[in-house]
Amino acid sequence: NAGVTQTPKFQVLKTGQSMTLQCAQDMNHNSMYWYRQDPGMGLRLIYYSASEGTTDKGEVPNGYNVSRLNKREFSLRLESAAPSQTSVYFCASRFNRGMETQYFGPGTRLLVL
Amino acid sequence: GESVGLHLPTLSVQEGDNSIINCAYSNSASDYFIWYKQESGKGPQFIIDIRSNMDKRQGQRVTVLLNKTVKHLSLQIAATQPGDSAVYFCAEVDSWGKFQFGAGTQVVVTP
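Respectively, the protein sequence lines represent chains A and B.
Per the numbering used here, residue 2 is the first one in the first sequence, and the count goes up by one each step.
Per the numbering used here, residue 3 is the first one in the second sequence, and the count goes up by one each step.
Hints are computed from structural coordinates only; laboratory data are not their basis.
These figures come from a predicted structure and were not determined experimentally.
Honestly, I wouldn't trust all of these hints.
To be verified - To give an idea of the interface, some chain B residues facing chain A are shown, with a C-beta separation under 7 Å as derived from the structure:
#: 1; residue: Y34
#: 2; residue: I36
#: 3; residue: G45
#: 4; residue: W98
#: 5; residue: F103
#: 6; residue: G104
#: 7; residue: A105
Ideal Cβ positions, reconstructed from N, Cα and C, are used throughout, including at glycine.
Please construct the entire structure, taking both the sequences and the accompanying hints into account.
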């Protein structure tokens, strides 16, 4: 089991460029999440997908779009990157039942110049 | 709004001593709580969880205490080791499965 994998590990963009962050999980989880982590702040939810075929906005969705491609994969797209989107992005997945934790990927470090 | 926070941003502890990391929460309807460990450059990892109807749970070298009266959660690490150096943060989870994370405490283990 690889768990949750994310690509790329690190990316530098210029303002206005677009990119897609990829996430995949091999644990057969229902739910998948995208967070951003900024210094001194807790993880903030960008978008989530409670099950295949559904996506919902989180706390900070502006400037992002997502696609739940299938049960395994959940991608995050920045259409026109801004310096304010410089952050570390984490994907997570979880079973939708009981007292279940979220399992996190290793993160993507994004720098927007 | 509801929030989860930590009292101390940085905790310096000597190797072999016990560490206590604190977390305050405000949502009395939270169903359970989780502690995560995040090492530098890595994603958060589950340490231990506790349901809201419990006040204590023990794991390997870790104990979580829940005080619902004052809405306080703590993580105790026994005999702290250099490998325990990391950021620790708590999360509260409501009955809908919504997670809210605290900002974290940096634990630095000194020899």
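Cross-check of the supplied hints:
1. Y34: This interface hint holds because 5 Å falls under the 7 Å limit.
2. I36: Constraint on I36(B) satisfied, holds at 6 Å.
3. G45: Holds - the Cβ of G45(B) comes within 7 Å of chain A, reaching about 4 Å at its closest.
4. W98: 10 Å, violated
5. F103: It holds, given that the least Cβ distance between F103(B) and chain A is near 4 Å, below 7 Å.
6. G104: 5 Å, holds
7. A105: 5 Å, holds
Taken one by one, the earlier hints fail for this structure only at number 4.
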